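The residues making up each chain are set out below.
There are 2 protein chains.
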Amino acid sequence: MRERAKDPDRHARRMEAKQQIMQERIARAQKEQGVLLVLTGSGKGKSSSGFGMVARALGHDMKVGIVQFIKGAFSTGEDAFFRKLPNVDYHVMGEGYTWDTQNRERDVAAAEDAWNIAAGMLKDDSYDMVLLDELNIALKYEYIDLDRVLDDLQARPEMQHVVVTGRHAPEELIELADTVTEMKVVKHAFKDLGVKAQKGVEL
Amino acid sequence: MRERAKDPDRHARRMEAKQQIMQERIARAQKEQGVLLVLTGSGKGKSSSGFGMVARALGHDMKVGIVQFIKGAFSTGEDAFFRKLPNVDYHVMGEGYTWDTQNRERDVAAAEDAWNIAAGMLKDDSYDMVLLDELNIALKYEYIDLDRVLDDLQARPEMQHVVVTGRHAPEELIELADTVTEMKVVKHAFKDLGVKAQKGVEL
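Protein chains in written order, with our numbering: chain A, 8 to 210; chain B, 8 to 210.
Read the hints as simulated data drawn from the structure, not as lab findings.
Copies of the same chain look alike in the list, so a pair counts if it works inside one copy or between any two.
No farther apart than 27 Å at their CA atoms in a straight line, the calculated lysine-lysine pairs in the DSSO-like style are these:
#1 LYS147 to LYS191
#2 LYS130 to LYS147
#3 LYS70 to LYS91
#4 LYS130 to LYS91
#5 LYS130 to LYS70
#6 LYS194 to LYS147
#7 LYS194 to LYS70
Computed from a predicted structure; not experimentally measured.
Sequences are here, hints too, so could you generate the full structure?
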């Protein structure tokens, strides 16, 4: 109070500066743009979360592209569910073939084919959201060139949302991402209790 | 090699013990039962993950009950999406009214009503999965009695899966759960970059 009495402009200046900061904050908050989300970590829920975001987007009548880079050992159910829907383009890497780590060349070729499909979606602004499920695994195995992935993600339409899932997200992807969540295991029924992996719930 | 030569039964005994361990493991892994999953932590993706699990269950032609304990400030999209589907019973707590922390009594009444609906699902084995979205928040505010919740969860049909979401999962619920994932914030576009919360993606 005393200080302000000494310098009556001080309060006004401070208020003006504050107002400017607030305006900048509001301007930033108004910035609408596509968001790159990365869901990583070893806990359960990464892919489910990606598919939940797809459902939410569909609830807003958005068009969604999905590329699954690793097909689980058992049918995941999302597949059965989302394929039937309009507004969804669904591609599974190397469909009709099983992974064969003995044959790296074939895996790389399948991963590259899948990335070409993803890259097509990332160039097409009719897709409001693109889910790249388990992409991180394909990157971890170096089946796809990371620089190409980062370039294609960065060059995508401004309003397009992208969700990338899978453990071991590379550091460069985390840097590029807007939002990153790490799923951590607190408890795991399958490992801790020997409960069998079941349809409907991936343990 | 030398040791085995000294005691020819040793290898056989070891193999027998190993086989027994394997059989026990297989028996444990065969144990089919409903699973209680808790998705907590402050990172994004908890509810999305729950809804993704719902989609997966629907892909397996399961019947799903959903009770949303906190309705977001903006339409979440899951709502619009899942309500339309057959095999889904969807209830939102205190629908048509907004939260009013000034009126605790009214919030408690709404939460209790919602729990009664959830409890009905937890007694009905025609529901293969029940999603209790943001239940942890209602528990955190002590809008619902935790002991009642734990009792109802424990008494549910053996094969029924339950997914509970929300930050601040109480310790007792974590103890009861089979699988618990904590979502951790690594990066958050809304906070870090001032990107506005957008339809289709909850930042």
